[in-house]
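In order, the protein sequences belong to chains B and V. In this text, residue positions in the first sequence follow numbering that gives the first Met the number 0: the first is 0, and each later residue adds one. In this text, residue positions in the second sequence follow numbering that gives the first Met the number 0: the first is 0, and each later residue adds one.
It should be emphasised that the hints constitute simulated quantities derived from the structure, not laboratory data. Just so we're clear, the structure is a prediction, and the values are computed from it rather than from any experiment. Any given hint could turn out to be false.
List of simulated lysine-lysine pairs, DSS-like, C-alpha gap at most 30 angstroms [what the hints assert, rightly or not]: (1) K77(V) - K275(V); (2) K314(B) - K184(V); (3) K275(V) - K201(B); (4) K29(V) - K258(B); (5) K314(B) - K86(V); (6) K120(V) - K81(V); (7) K187(B) - K29(V); (8) K314(B) - K258(B); (9) K86(V) - K275(V); (10) K86(V) - K187(B); (11) K120(V) - K29(V); (12) K87(V) - K187(B); (13) K187(B) - K81(V).
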Amino acid sequence: MEYIISLGSWVLTIGTIVAIYCILGLALNLHFGYTNLPNFGIAGFFAIGAYTSAILTVPHRFLEMEIFAGFPGGIPGRIEAPFIVGILAATVLAGFVAFLIGIPVLRLREDYLAVASIGIAETIHFIALNELWLTIGSAGIRLIPMPFAILWPRYARPLFFLLVLLVLAIVYWVISRLVRSPFGRVWKATREDETVTASLGKSIVRSRMWAWVIGCAFMGTAGSLWAHYAMAIQPGEFVPTTTFLVWIFVIVGGLRNNKGVLIGALVIIGLFEQGTRFLPAFGAPYVVPALRLIIIGVLLVVFIRFRPQGVLPEKATTIEDHMKTI
Amino acid sequence: MEDLLSYGLLTFASLALPALGLCLAIKVVKYFNLAYGDMVTLGAYLALLFNLTFGWNIIPAMIATLLLTALAGVAAHKGIFKPLMEKKVGPLTLLVVSLGVGFVIRNVLQIGWGPQPYQYKMPLARAIRFGPFFFTPFQVFMILCCIGVAVGIFLMLRYTQLGRLMRATADNPELSAIRGIDIEKVYSYTWFIACGLAALGGVFMSILGTITTWMGIHGLVTIFACLIVGGIENPYGALFGALIVAFAMEATALWISPPYKVAIAYVIFVIVLLVKPSGLLAGRRG
Chain B
0 MEYIISLGSW VLTIGTIVAI YCILGLALNL HFGYTNLPNF GIAGFFAIGA YTSAILTVPH
60 RFLEMEIFAG FPGGIPGRIE APFIVGILAA TVLAGFVAFL IGIPVLRLRE DYLAVASIGI
120 AETIHFIALN ELWLTIGSAG IRLIPMPFAI LWPRYARPLF FLLVLLVLAI VYWVISRLVR
180 SPFGRVWKAT REDETVTASL GKSIVRSRMW AWVIGCAFMG TAGSLWAHYA MAIQPGEFVP
240 TTTFLVWIFV IVGGLRNNKG VLIGALVIIG LFEQGTRFLP AFGAPYVVPA LRLIIIGVLL
300 VVFIRFRPQG VLPEKATTIE DHMKTI
Chain V
0 MEDLLSYGLL TFASLALPAL GLCLAIKVVK YFNLAYGDMV TLGAYLALLF NLTFGWNIIP
60 AMIATLLLTA LAGVAAHKGI FKPLMEKKVG PLTLLVVSLG VGFVIRNVLQ IGWGPQPYQY
120 KMPLARAIRF GPFFFTPFQV FMILCCIGVA VGIFLMLRYT QLGRLMRATA DNPELSAIRG
180 IDIEKVYSYT WFIACGLAAL GGVFMSILGT ITTWMGIHGL VTIFACLIVG GIENPYGALF
240 GALIVAFAME ATALWISPPY KVAIAYVIFV IVLLVKPSGL LAGRRG
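So here's chain B without its partners, still in its complex pose:
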């Protein structure tokens, strides 16, 4: 019985993490798969979401901890806002920051946009590390409340898992809907040929900006869920490795296919990143994680070499499908 319970909590833990990564993957698919915006700044928007939600909802109890005795001013936002405010604010703020960043950066050619977005994510990481008044620096914010934990402490984790699944379902639905709508078809058209799309009177700049902002806002949502799930965040989590992992599972799973993204997240994050966590470790503590990342890197190269379309390739839209949607 105990074995079953511990197995259950293991699946629950991995399931929640995978579901959060799925949201990041779907957002990246919207950026890179459908609109051809290589966003390498996922960790940055993830961090914006996580920190916004954490700062808004962190309880007074945390600020009264001894470590802050000599802290100038403490952190702002001692408002103990409820979770729902945190997640909405995280989404909106991540989208807004994306909009501001998008004004200069979306002018860049695709491969330069990739490097520029790494820089943006690193800048956000530096801000989280150094603006102590806002983020408490490398110590990170702790005691972030998990929703339901006060009402039903016993069922907090399963309920939170369901909540994450619900958000994932909403994100999945919104993205699939958008991509099929006339508004989203401009994205695919831009991806295939900018000149033709522009000549049909569609604004490339505006359509790219919308895709950029919507995707980044969803990354913020995922960040908020992460903060409330982990209940403690620190800047070291929002490094380029996080971004690269998302990229790799999206490519392996099947770029431009939302179901493929979910499979990729399950296989790479679920089985590989988290599932091997309890296998016996050997060597120094950093050897096994590094080995895992090496295998993931090799997997990426092999996949692009031999199966560039991923496990599930993009579904070609047929006339019949199209007629059904309208």
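Dock chain V against the given chain B, drawing on the hints supplied.
Just chain V, lined up with the frame of chain B:
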């Protein structure tokens, strides 16, 4: 003010060569290699191997590192990128592949050396006074080496056969291939030069700071900012950009806040994009 000038010059010496290398690689081979940052890291760690483990002096260690990293760059190009380029995949796919390559390099180094930062073992040296500035002999060597190599690269581009081949391939690969240039060979030479420059930059950066597996990613970010400021695909612009970024970074470290050194490179980058997206030296022939 003296501090700003001397630190700025040193930072410039560490940024200029990798910026020039990346610029050549983008100009000639026409895809963006994210693993370039990790080539910088690889250079730093290889020099660490020769310097700390084998006990060599830093200068022979640097030369050995330069050759090995350059060969590693060519090997990565021939083994991984060339087969993909033959399948006519887009530059963006190559970029994503380079992400995986960088992942592998970084984590192999992590297994070899662990997560802690390192420094080279160098003999203590008294700083020499140059007017109002103080430099150690090795720092003088760094600055001279940087200027010498950069001038050498420009002379090579301008007057040697290889330089002409590289410029021709950069201008029009199809036409060059039709005219009988073995462009695959030109690509290999370009990667050799670019990764050699990355290794030198890696060693110089590690002498100014510490060696970590992350230095390459941060390095790539700053190097890229140099390219944007000067105008991508313009080698003179790369050096000019490195000068501006280096001095801005050191000014930030002195007067604003040291942790934001790297972030300031990005502020400049965004300003340049808003004001003159093609770069400050765009349009001039390199």
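Hints and how they fare:
| no. | hint | result |
| --- | --- | --- |
| 1 | K77(V) - K275(V) | violated, 36 angstroms |
| 2 | K314(B) - K184(V) | violated, 39 angstroms |
| 3 | K275(V) - K201(B) | holds, 26 angstroms |
| 4 | K29(V) - K258(B) | violated, 33 angstroms |
| 5 | K314(B) - K86(V) | holds, 22 angstroms |
| 6 | K120(V) - K81(V) | violated, 38 angstroms |
| 7 | K187(B) - K29(V) | holds, 25 angstroms |
| 8 | K314(B) - K258(B) | holds, 11 angstroms |
| 9 | K86(V) - K275(V) | violated, 36 angstroms |
| 10 | K86(V) - K187(B) | holds, 23 angstroms |
| 11 | K120(V) - K29(V) | violated, 38 angstroms |
| 12 | K87(V) - K187(B) | holds, 21 angstroms |
| 13 | K187(B) - K81(V) | holds, 29 angstroms |
Violated hints, in rising order: 1, 2, 4, 6, 9, 11; the structure is consistent with all others.
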